[in-house]
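2 protein chains.
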Amino acid sequence: METIKDLQDFIINGYKHYIPHISIDSAIFGYHDHQLKILLSSYKALDGYCLPGGYIKRSETLDEAARRIVAERTGLRDLYLQQYKTFGDPDRIKWDEFDFKKFMEKIGVKAVKDSWLMDQTISVGYYALTDFSMVTPKADLMSDFCDWFNIDEIPPLLFDHDQMVKDSLHTLRVQLYYYPIAAKLLPEKFTLTEIHTVYETLLDKKLDIRNFSKKLVFLGLIKKLNEKRNIGPHRAPFLYKFDIRMYNKALETGVTLT
Amino acid sequence: METIKDLQDFIINGYKHYIPHISIDSAIFGYHDHQLKILLSSYKALDGYCLPGGYIKRSETLDEAARRIVAERTGLRDLYLQQYKTFGDPDRIKWDEFDFKKFMEKIGVKAVKDSWLMDQTISVGYYALTDFSMVTPKADLMSDFCDWFNIDEIPPLLFDHDQMVKDSLHTLRVQLYYYPIAAKLLPEKFTLTEIHTVYETLLDKKLDIRNFSKKLVFLGLIKKLNEKRNIGPHRAPFLYKFDIRMYNKALETGVTLT
Chain Z
1 METIKDLQDF
11 IINGYKHYIP
21 HISIDSAIFG
31 YHDHQLKILL
41 SSYKALDGYC
51 LPGGYIKRSE
61 TLDEAARRIV
71 AERTGLRDLY
81 LQQYKTFGDP
91 DRIKWDEFDF
101 KKFMEKIGVK
111 AVKDSWLMDQ
121 TISVGYYALT
131 DFSMVTPKAD
141 LMSDFCDWFN
151 IDEIPPLLFD
161 HDQMVKDSLH
171 TLRVQLYYYP
181 IAAKLLPEKF
191 TLTEIHTVYE
201 TLLDKKLDIR
211 NFSKKLVFLG
221 LIKKLNEKRN
231 IGPHRAPFLY
241 KFDIRMYNKA
251 LETGVTLT
Chain A
1 METIKDLQDF
11 IINGYKHYIP
21 HISIDSAIFG
31 YHDHQLKILL
41 SSYKALDGYC
51 LPGGYIKRSE
61 TLDEAARRIV
71 AERTGLRDLY
81 LQQYKTFGDP
91 DRIKWDEFDF
101 KKFMEKIGVK
111 AVKDSWLMDQ
121 TISVGYYALT
131 DFSMVTPKAD
141 LMSDFCDWFN
151 IDEIPPLLFD
161 HDQMVKDSLH
171 TLRVQLYYYP
181 IAAKLLPEKF
191 TLTEIHTVYE
201 TLLDKKLDIR
211 NFSKKLVFLG
221 LIKKLNEKRN
231 IGPHRAPFLY
241 KFDIRMYNKA
251 LETGVTLT
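The listed protein sequences correspond, in order, to chains Z and A.
If you use our numbering, the first sequence closes out at 258, no skipped numbers anywhere.
If you use our numbering, the second sequence closes out at 258, no skipped numbers anywhere.
Just so you know, not all the hints are guaranteed correct.
Same chains, same names: a pair is fine if it fits in one copy or spans any two.
[Said to hold, decoys possible] Simulated crosslink set (EDC-like; lysine to aspartate or glutamate; CA at most 20 Å straight-line):
(1) LYS228 - ASP99
(2) LYS16 - ASP114
(3) LYS16 - ASP96
(4) LYS16 - ASP119
(5) LYS16 - ASP91
(6) LYS189 - ASP131
(7) LYS57 - ASP119
(8) LYS16 - ASP89
(9) LYS57 - ASP89
(10) LYS223 - ASP243
(11) LYS94 - GLU60
(12) LYS228 - GLU188
(13) LYS16 - ASP162
Source of the hints: derived by calculation from the structure; they are not laboratory data.
Use the sequences and the hints to build the structure in full.
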């Protein structure tokens, strides 16, 4: 949506092009140099922050819709993106506290009495992971802010988005052990120290580097190469890479650990 | 819905009590004595089988709706039940191939021209696991059949339900290694042979019993008790139990393997 006219039409007629009652909300995590952040935005006329979200076009798959929504905010299409959970508690959005008239006024559209947007909505949760130094966050016509927050400095969020952050981070952290999620944050061949730093940051905990690497190899996620990198006098650690073949096999057969 | 009158009202006015455009479909897996089965039903006037499904009441959470839908078919409320993925491909239901008029005729309601049911629908996928010997499957007013099928004898299913079976089984099999999913299929204290049989059947593959048990203990899923069971002369294997404390901790902190 490029103009206020588009937005007005969306509020009135959007249900013809988008599926009503269902949205997508994305927890977009950003890593760079020992730091983990999350992208938050705020809607005009609403106090507080929330995850970036949007609706699903009737012609799109869920993954396509999520990728479009994430690209609209980050400019990136090629990041790790995964559906993790759908949220449908009846009270997840408190409509009686939401002043839709004021909202329309603030975003500059003519007030309409009923909108398809003002009804019970279930939200499909996606999470994404990227290098935040590659991203210039973008607000849109309905929001007046969109930027990175440190993961340990997230303010209380609107709607059920605190729960979404909790669940998406949980999923990311569990899946780190059986999907090559961190692959895009590392060079193709990396040292144990490099992957150890990424994992410690994403998991927000200290990991014994020997145990940690043993586990990742044991689980078949990474493999040791017969190749070293010279990083200084007497310092030439072995290189590792993600074992994508093992990963694809696991996806195919549904078994990761046997 | 108990009567044809309820069903007629559901087709016309159901959107007032249920959320339109969203359904739940459940892959209900049943285990017993080396056998893995899945519950399939068939709609009146539709050729073929599908997973049992239903709609979400506006007052229900998704989990409550799934539990109600599964209970309607199995009579059981207390089984392992988990949301695994939401399905929303635009062509997942081929409406132009679906004769709604014939369907209404077959189920015995008066034909209506438009129903809220006849529009693009996204489906939240749940899977359940139970002991099939405890279940007497029940059809409902819209279906004329509901029964267990061996997992390796599933016919091609309607809609996108082949994909749902594939994805739910994949999730079940991956999650077997970090959730105590099999707990309800075993006595509280069990031998390695007993859990080995359940895992081999659910995973449909041979597992080296020593490696297998080492992994489950390593992952913190089960723990060895200082207790044996006498099962014959000179045969008294150690007993194990699921480590629910470890499991709850993992759920809380989001980390399973450190």
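Practice prompt. Return the numbers of the hints above that this structure violates; sort them in rising order.
Written response: Those not satisfied are hints 1 and 13.
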